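From first to last, the protein sequence lines are chains A and B.
Heads up: the first sequence begins at 214 in the working numbering, then just goes up one per residue.
Heads up: the second sequence begins at 734 in the working numbering, then just goes up one per residue.
Hints are supplied without guarantee of correctness; some may be wrong.
Unchecked claim - Selected chain A positions facing chain B (in silico; Cβ < 10 Å):
hint: 1; residue: 261
hint: 2; residue: 558
hint: 3; residue: 559
What the hints assert, rightly or not - Simulated crosslink set (EDC-like; lysine to aspartate or glutamate; CA at most 16 Å straight-line):
hint: 4; chain 1: B; residue 1: 760; chain 2: B; residue 2: 794
hint: 5; chain 1: A; residue 1: 260; chain 2: A; residue 2: 303
hint: 6; chain 1: B; residue 1: 765; chain 2: A; residue 2: 425
hint: 7; chain 1: A; residue 1: 367; chain 2: A; residue 2: 406
hint: 8; chain 1: A; residue 1: 543; chain 2: A; residue 2: 514
hint: 9; chain 1: A; residue 1: 422; chain 2: B; residue 2: 995
hint: 10; chain 1: B; residue 1: 760; chain 2: A; residue 2: 467
hint: 11; chain 1: B; residue 1: 950; chain 2: B; residue 2: 809
hint: 12; chain 1: A; residue 1: 518; chain 2: A; residue 2: 467
hint: 13; chain 1: B; residue 1: 837; chain 2: A; residue 2: 517
hint: 14; chain 1: A; residue 1: 342; chain 2: A; residue 2: 534
hint: 15; chain 1: A; residue 1: 422; chain 2: B; residue 2: 736
hint: 16; chain 1: A; residue 1: 422; chain 2: B; residue 2: 793
hint: 17; chain 1: A; residue 1: 495; chain 2: A; residue 2: 467
hint: 18; chain 1: B; residue 1: 760; chain 2: B; residue 2: 741
hint: 19; chain 1: B; residue 1: 953; chain 2: B; residue 2: 903
In short, the hints are calculated from the structure, not lab data.
Keep in mind the model is a prediction, meaning the values are calculated, not measured.
Glycine included, each C-beta is placed from N, C-alpha and C at the ideal position.
Chain residues, written in single-letter form:
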Amino acid sequence: MGELRLMKGNEAIAEAAIRSGVDAYYGYPITPQSEILEYLMSEEPYKRTGMVVLQAESEIASVNMVYGAGAGGKKAMTTSSSPGISLMQEGLSYIAGAEIPCLIVNVVRGGPGLGTIQPSQSDYFQTTKGGGHGDYRLIALAPASVQEMSDFVKLGFELAFKYRNPVMLQADGVIGQMMEKVELFDQMPRLTDQEIIAKYPWATTGKPKSRERNIITSLDLEALKQEEFNLHLQRKYKEVTENETRYELVNCEDAEYLLVAYGSSARISLKTVQLAREKGLKVGLVRPITLWPFPSKIISELADKVKGMLCVEMSAGQMIEDVILATLGKTKVLHYGRLGGVIPSPDEVLVALETQIIGGK
Amino acid sequence: MEDVKIEDVIKIEDIIKQENLVFSKTKNLTDKTMSFCPGCGHGVAHRITMEVLEEMGISEDTIGIAPVGCSVLAYEFMNIDMQQAAHGRAPAVATGLKRVYPDKYVFTYQGDGDLAAIGTGETIHACNRGENIVIIFVNNGIYGMTGGQMAPTTLAGMKTSTSPYGRDVETMGAPLKITEVVALLPGTCYVTRQSVHTPGNVRKAKKAIRKAFENQKAKKGLSFIEIVSNCNSGWKMTPVDSNKWMEENMFPFYPLGDIKDEFKLLQK
């Protein structure tokens, strides 16, 4: 068993970054995730593992620093919250276009604009539908516990390098700020420069005479070549969808009604399932773990068996669009959510389920 | 007079012989035809940068960062590992790379719109932190690639497609001397302004670039080289006229020479 610690979600991300053998963290302060940069600065991982930690002048600079290090085959990451993630969209589009592996963490707060520092899930569209320009996808992981904040840093880098694709870890202010028991994984070594050259032949590590120069770019001015490159991306995204779709099912075997929720909303909905079961209602929970690729297939299969689904989100209803696309009218799908940083209670979710789905027409 | 063809008198095969070879292109440039307009200074700036890497024997350990602008395709011509950065972000990209490869050589190659308008923040902060990199800044006072729009460095009164009646400093701001600005920052070790429009100036510019990479080798911090260059297409002049115009108009406002060396300001 690994080392057990009581930690904030944000601290778990920082510690997991060091233990994953990350080479560089570049970040800029923003509530509710500044503890990540603070933790790393006080831990001095450059003494522990040689990991670089640098406070950048903006989120725009942070994400471009990640671009530079990632293009060199290094494990690089940044973290921010919603307004800062908006500033990074240009960089994310370039990173996706240049196929640079890296990890971006969004500890989501309420918007739009400066919004609030309170937790929210209103960045689902931005994470899963683009955000930046062009036909690209981020692999998006949604942790629902402090344990997963730690585990998904490691998983995120595995997926990023496996597919040469940016990975977004989309948490929210609840998971970032709450404390839970975490089992930390053991320290992984950072790769040496020679290991990087052997493992990532595409990386810009300096051109020896033995190979052609490596170029990291998202530019190709010839339309037919750019189309071919885009088709290559789409083939990759298809492969990711087939191999990496992750979800959790709770009490779905005999369920007549389903809650669909991720992140903090899934934790709340888990309690709602328990309350419903105590009342004799056959309710289950589908928790998407990857927001992209979305677990459409299982939701479609479950839609054949149940009488209705309630999507619980701390937003005006964003993930529900993917649930509706997955179910294609096979069952009733409605939304329940609180906005602007308000967190729903398990009881109010149960009331919504009973009135809108079970008792509703 | 009877027609005498030159090839009848001089046989090219007699000239192209190994013993007659007095000049060759650096191996650090590819054979791809450069996309720059004939007469433009970019090609020379590319060449002397690549020659310096070859002469110092550091080509295999150098990674360049290309900008957005006329030199966006620098990686097509520079035969070394290269990254292409978003508009203005090259100093941040270079920072991210250099911090994880402190023993490699990293440089950015940027134009005035990229470095002094959209990327001002990244430029200032990379310079202020004293990132151990080289920034090569080609200033031709115009957005060449997009068709000759006003740049941050466009001279007062200068006509461009977005200042068709001349740059009005009252409404459009004065031209930005970013090089003098970065010279004031503690992280810059060496700041100089050069040109590549005469053989003598090419030699001086190349010497400056060599010094910048030697500084990086000695881990001294950031070296910043501005190259004032012509844009004959954007300025709508012949190459010869554009160089004359540059001497008469650009150099009085952007005077050539070292501004800072060994962290000491040389000019007031």
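Cross-check of the supplied hints:
1. For residue 261 of chain A, the interface hint is violated, since its Cβ never comes within 10 Å of a Cβ in chain B; the closest pair sits about 16 Å apart.
2. For residue 558 of chain A, the suggested interface contact is broken, since its CB lies about 43 Å from the closest CB of chain B, more than 10 Å.
3. A cut of 10 Å between beta carbons decides the hint on residue 559 of chain A: the least distance to chain B is about 43 Å, and the hint is violated.
4. Taking the CA atoms of residue 760 of chain B and residue 794 of chain B, the gap is about 15 Å. The hint holds against a cut of 16 Å.
5. Only pairs whose Cα atoms come within 16 Å are accepted, and residue 260 of chain A paired with residue 303 of chain A is rejected, the gap being roughly 33 Å.
6. A C-alpha spacing of about 14 Å is found between residue 765 of chain B and residue 425 of chain A, which places the hinted pair at or below 16 Å, so the restraint holds.
7. Proximity of residue 367 of chain A to residue 406 of chain A is assessed by CA-CA distance (about 20 Å); at most 16 Å being required, the pair is judged violated.
8. The hinted pair formed by residue 543 of chain A and residue 514 of chain A meets the criterion: a straight-line CA distance of about 10 Å does not exceed 16 Å.
9. Taken as a hint, the residue 422 of chain A and residue 995 of chain B pair is broken in the structure, with Cα atoms around 34 Å apart against an allowance of 16 Å.
10. Only pairs whose Cα atoms come within 16 Å are accepted, and residue 760 of chain B paired with residue 467 of chain A is rejected, the gap being roughly 70 Å.
11. The straight-line distance between the Cα atoms of residue 950 of chain B and residue 809 of chain B is roughly 26 Å, outside the 16 Å bound, and the hint therefore fails.
12. Distance hint between residue 518 of chain A and residue 467 of chain A is fulfilled; the C-alpha atoms sit about 9 Å from each other, no more than 16 Å.
13. A distance of roughly 58 Å separates the Cα atoms of residue 837 of chain B and residue 517 of chain A; the hinted pair therefore is violated under the 16 Å criterion.
14. For the given pair, residue 342 of chain A sits about 11 Å from residue 534 of chain A by alpha-carbon distance, which is consistent with the 16 Å threshold.
15. Proposed proximity of residue 422 of chain A and residue 736 of chain B is contradicted: the alpha carbons are some 50 Å apart, above 16 Å.
16. Under the criterion of a C-alpha separation no larger than 16 Å, the hint pairing residue 422 of chain A with residue 793 of chain B is consistent with the structure, at around 8 Å.
17. Annotation: proposed proximity of residue 495 of chain A to residue 467 of chain A holds, straight-line Cα distance about 7 Å (limit 16 Å).
18. Between residue 760 of chain B and residue 741 of chain B the alpha-carbon distance is near 33 Å, which puts this suggested pair outside the 16 Å criterion.
19. Taken as a hint, the residue 953 of chain B and residue 903 of chain B pair is broken in the structure, with Cα atoms around 40 Å apart against an allowance of 16 Å.
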